[in-house]
Amino acid sequence: MKSINILILEDEPKEAKKLKTALEDNNYNVIAVCDTVVSAENVLKTKSIDFCILDIFLGKELGGIQLAEKISEYNIPFLFLTSSKDRFVFEKAKLTQPFSYLLKPFNELELLFTLELAIEKFFQQANAFSEEKAPTVLSEKYLFIKNKDRISKVEINDISFVEVEDRYCKVAYNQRNYLIKMALKKVIEILPDYFIQAHRNCIVNLDKIKDIFPNDNLIVLAGDEKITLSERYKYDILKKLNIMN
Amino acid sequence: MKKGLCLICCFIFFYSYSQKIVDNTNFNTHFKEICSNTKHNYYFHKSLSFFINKEIDSAYSNINKYFLSENRNDKLKNYAYYIQGDCAVKKKLWSEAQESLEKIPDGFVSDHFKYLNLANVFLNQKKYKEALKFYKKVEVLGVKKTDDYNQKIMYHNIGLCYLHLNDYKNAEIYLSKERNLAIKSKDTLSTIYATMDLANLYYQQYLDDKAIPLFLESYNLSKITSNLEIKQNAALNMAVVEENNKDFEKSIAYRKEYESWKDSIWNRDKIWELAKQGRVFAVKEKQKEIALQEEQIKVQKTKQRALYIGVFALALIVAIIAFFLHDRIQKNKVITQQKNKLSDLNDMKNKLFSIVSHDLRTPINTIRNNNVDLKEAFKLNNKTEISDKINQGIQVTEGVHLLLDKVLNWSLLESGQLFTNIESFPLKPILAQVIYNYKSIAASKNITIINTVSSNVIVNSDIESTKIVLRNILDNAIKYSANGSEINCKAIMNENFCNLEITDTGIGISKADLAEILIEEKATNEQSAVKGFGLRLCRSLIQNNGGDLTISSQKGIGTTVSLSIPYKSLEH
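Just so you know, the sequences run in chain order P and B.
This note's numbering puts the first residue of the first sequence at -8, with every later residue one more than the last.
This note's numbering puts the first residue of the second sequence at 545, with every later residue one more than the last.
Hints are supplied without guarantee of correctness; some may be wrong.
[What the hints assert, rightly or not] Ranges of calculated distance between the beta carbons of each label pair, as one might list FRET restraints:
| # | chain 1 | residue 1 | chain 2 | residue 2 | range |
| --- | --- | --- | --- | --- | --- |
| 1 | B | Thr992 | P | Ser63 | 43 to 49 Å |
| 2 | B | Ile930 | P | Ser63 | 25 to 31 Å |
| 3 | P | Asn33 | B | Gln1087 | 56 to 62 Å |
| 4 | P | Ser75 | B | Ile966 | 15 to 21 Å |
| 5 | P | Asn33 | B | Ile930 | 24 to 30 Å |
| 6 | P | Ser63 | B | Ser898 | 25 to 31 Å |
| 7 | B | Thr992 | P | Lys95 | 25 to 31 Å |
| 8 | B | Ile966 | P | Glu52 | 25 to 31 Å |
| 9 | P | Ser75 | B | Ser898 | 25 to 31 Å |
| 10 | P | Lys132 | B | Ser898 | 56 to 62 Å |
| 11 | P | Ser63 | B | Ile873 | 54 to 60 Å |
| 12 | P | Lys95 | B | Phe868 | 52 to 58 Å |
Honestly, the hints are just simulated from the structure, not real lab data.
Even for Gly, the Cβ is constructed at its ideal location relative to N, Cα and C.
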């Protein structure tokens, strides 16, 4: 599990510092604090950023909204910071969907909650973090996991397999399991191509396959987990493995 | 002498001509029978009905249409020819009449009428021999069949034919027959004419012995009648006769009589003319009168119309005035309403100002005193005092901040500028966030805030509005709760709403106060307006998001504020 990398766009140093402290206290990784749209863009180009917090007003300019329009290219979730409840500003900000905002002054809980909300909304998994058993959001790159009001991430290529468990999907990562409240079919859609179905209720990460015993219908993964291989998907998996090797 | 006779002959000819048209009343019954026995034919029947009604022109044109039409009936053919022929005779279209009548075969019901008509046609065309031929045929068919009147005409016409053919012997026979018939039927006029005809016949043959008594007879008979023309002619005839007898004295007497009759005729005509003129004059007078009356009526109508227009215009004016008055009243009503609303709003604004200034005055004063004390404490380097004063300062500014927030939200809400974004969100963390802000204040009063809302309660509302409402309710709850008490927050799920109940064990609000707080109109004094401001703002906000706010309270026991928020349950 890794911390989430955050970019802050804020021109008031005091606010920025407060924000940075609050985030770092909660295990977030503040990569950069920028006070102009241009500098923020440079950071986005060069560094791996998972989340952006954007102050709508940079001076009198609507810098936050400008950057938000560009962020959509990077597929990074974001939230707006504002001290104004002015309808005009909100209507403008709302054009950059999905749209989450945090009103100044805010407390720590509000900050963490809005961050959650922004991630849920961005990946269209509303209220996913409110699931008591499965407070997770799945994206193409990461599985976001909420733990005691903090969000951390697991890289998708570190996941060894996903298996149906009750009404959830169990994600196996590094000998630990996380639940996602999502249908397996939907999970397959989101996850990259190297996840492939082993049987009706399970998909495996091809990179994590240590051994395969086609005659025994068995797959052994890097963590020594044993997965049943169904006849139906056997051919596909073998074919893919051959191509890859 | 010849001249005079010719004149008489002509006269007789015209006289007979006028009478020789065949009366066909007997045939009408025949035709009616045909109609009922044959299939209906539009033109034929139309023509027939005109024919029976003696509208000859219409009958003739319709029968011609019948011959042109497709729908013809063989049974009707002869009748149709008969109608055509008869009409043609009456219209004096001799050759057409001849053509039609000749098409009717012999032995047809009305043989002798056919012959009679044909004979008339020829007579009129001065083809006396042919005419005579047909008259003979009629005579053979049986004169008895015809009535006296027609028979008389026939004899007269036959006689006339012979006369024109210079067969005086036969002419004499037939004219005598005619005369006998006339005498027999006691028709004086006819007798006179027949006698005159016969006399003329003899006279032309210079058989004066036979002629003169007849002329005399006709003259004597003419004295009985009132017919002036006959009297005149008889006199003239006698005058001519006496003149030829060289008895000029008598001749002059007759001439004079003739002249006198002529004068009488002239006088009669004159009288007729005068009478006619009188009538014309009377008609003209009448017309003038009518014209005058019409003119009067016209004037009256014009007057009436003017009256109508006047009444209408008046009604219109009244309607317009009424409309404008109504409009005016309506406008005034709206203006009054707006004025009332504005004055209400102004009152509210004034109240708000007083709330703000009052509520600001106290904490600002506190801060000022605080700062003075702080300055003093610094001088003395009293660290506990400094810390206390700083904490106090933070607390006071928190309160001021909340107040300003309220005012700002109120003004945004009232001006429609408040941004609301209804979305689904979990209630528990939002409540937790608000509680988080009151942690220190609650702790200072040793008040415990318990949030038992389940984390799977997802509501549909605007997050910021909900926070403002919760903040105000918690602020009140803490403010009016005793030290060391509890504030409970629990959610009860209904079908469509989540009822969030925030219960304190504070001083409570009396029923009367509660009514004043929640009903704006009842907020009679400034104090209750101040108390109610926050709660009313909350209610407006939550109603704005489709929910509602209710308060139940008992003085001395505590208050429960219940928020019903539209909710959406998480599927499990």
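Hint check:
The supplied range of 43 to 49 Å is met by B:Thr992 and P:Ser63, whose beta-carbon atoms lie about 45 Å from each other. At roughly 51 Å, the beta-carbon separation of B:Ile930 and P:Ser63 lies outside the given 25 to 31 Å, and the hint is violated. The hinted range of 56 to 62 Å is not satisfied by P:Asn33 and B:Gln1087, whose Cβ atoms lie roughly 48 Å apart. Restraint check, P:Ser75 to B:Ile966: a C-beta distance of roughly 20 Å satisfies the suggested window 15 to 21 Å.
Between P:Asn33 and B:Ile930 the beta carbon distance is about 46 Å. The supplied range of 24 to 30 Å is therefore violated. The supplied range of 25 to 31 Å is broken by P:Ser63 and B:Ser898, whose beta-carbon atoms lie about 49 Å from each other. As the Cβ distance of B:Thr992 to P:Lys95 is approximately 29 Å, the hint placing it in 25 to 31 Å holds. In this structure the hint that B:Ile966 and P:Glu52 lie 25 to 31 Å apart at CB holds, the actual value being about 29 Å.
The hinted window of 25 to 31 Å between P:Ser75 and B:Ser898 holds, with their beta carbons roughly 27 Å apart. For the hinted restraint 56 to 62 Å between P:Lys132 and B:Ser898, the CB-CB distance of approximately 57 Å keeps it satisfied. About 59 Å separates the C-beta atoms of P:Ser63 and B:Ile873, a value consistent with the hinted range of 54 to 60 Å. Remark: the range hint 52 to 58 Å for P:Lys95 to B:Phe868 is upheld by a beta-carbon distance near 56 Å.
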